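Residues 0 to 113, numbered by numbering that gives the first Met the number 0, are exactly what the sequence shown covers, in order.
Simulated from the structure, these hints should not be mistaken for lab results.
It should be emphasised that the depicted structure is a prediction, and the values quoted were computed from it without experimental measurement.
Watch out, some of these pointers could steer you wrong.
To be verified - Keeping only pairs whose Cα atoms sit at most 30 Å apart, straight-line, the calculated BS3-like set for lysine-lysine is:
#1 Lys105 - Lys50
#2 Lys105 - Lys16
#3 Lys105 - Lys42
#4 Lys39 - Lys50
Unchecked claim - Computed spacing ranges between beta-carbons, pair by pair:
#5 Lys50 - Ile97: 15 to 23 Å
#6 Asn47 - Asp7: 29 to 37 Å
#7 Asn26 - Leu99: 39 to 47 Å
The C-beta atom is built at its ideal place from N, Cα and C for all residues, glycine as well.
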Amino acid sequence: MKDNFDEDYNKMKDILKEGKFKLNNPNFEETLMSRIVLEKNYKVGIRNLIKRALVCLIIGFILSISLVLLFLFNKMEFNNFYNLSSVICLFVLGIVGILLTDNFLKLLHNYNIS
0 MKDNFDEDYN KMKDILKEGK FKLNNPNFEE TLMSRIVLEK NYKVGIRNLI KRALVCLIIG
60 FILSISLVLL FLFNKMEFNN FYNLSSVICL FVLGIVGILL TDNFLKLLHN YNIS
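Build the full structure now, drawing on both the sequences and the hints.
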């Protein structure tokens, strides 16, 4: 049994000796590490841009909803169609805001850097 193990070990040793090769690119490790650093910096940059876009989106929705509410509860009575269109606009802004915010948060989760 020990002879079989020694023969297998020698065969594997010979195969591994034959399998050694030299890379054509002598700076392979440096190139690989620089690409890894560039990819990490790219992900950090994208994550920061997504955060800024999310903040601007939320501020825009808050401002637009407050503007519609200001016109809706203003003492000037135009007609019922204006009130109905304001409520519909508020509903659409709320739904679109929730959906876009959820998509932004999922996108941020995809670019999570540990």
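Hint check:
Restraint check: the Cα-Cα separation between lysine 105 and lysine 50 comes to about 12 Å, which is no more than 30 Å; the hinted pair holds. A threshold of 30 Å between alpha carbons decides the hint, and for lysine 105 with lysine 16 the separation of about 49 Å lies outside it, so the pair is violated. Between lysine 105 and lysine 42 the alpha-carbon distance is near 15 Å, which keeps this suggested pair within the 30 Å criterion. With a CA separation close to 17 Å, the supplied pair lysine 39 and lysine 50 stays within the 30 Å bound.
Between lysine 50 and isoleucine 97, the C-beta spacing of about 18 Å keeps the proposed range 15 to 23 Å intact. Checking the proposed 29 to 37 Å range against asparagine 47 and aspartate 7 shows it is violated: the Cβ atoms sit about 55 Å from each other. Remark: the range hint 39 to 47 Å for asparagine 26 to leucine 99 is upheld by a beta-carbon distance near 44 Å.
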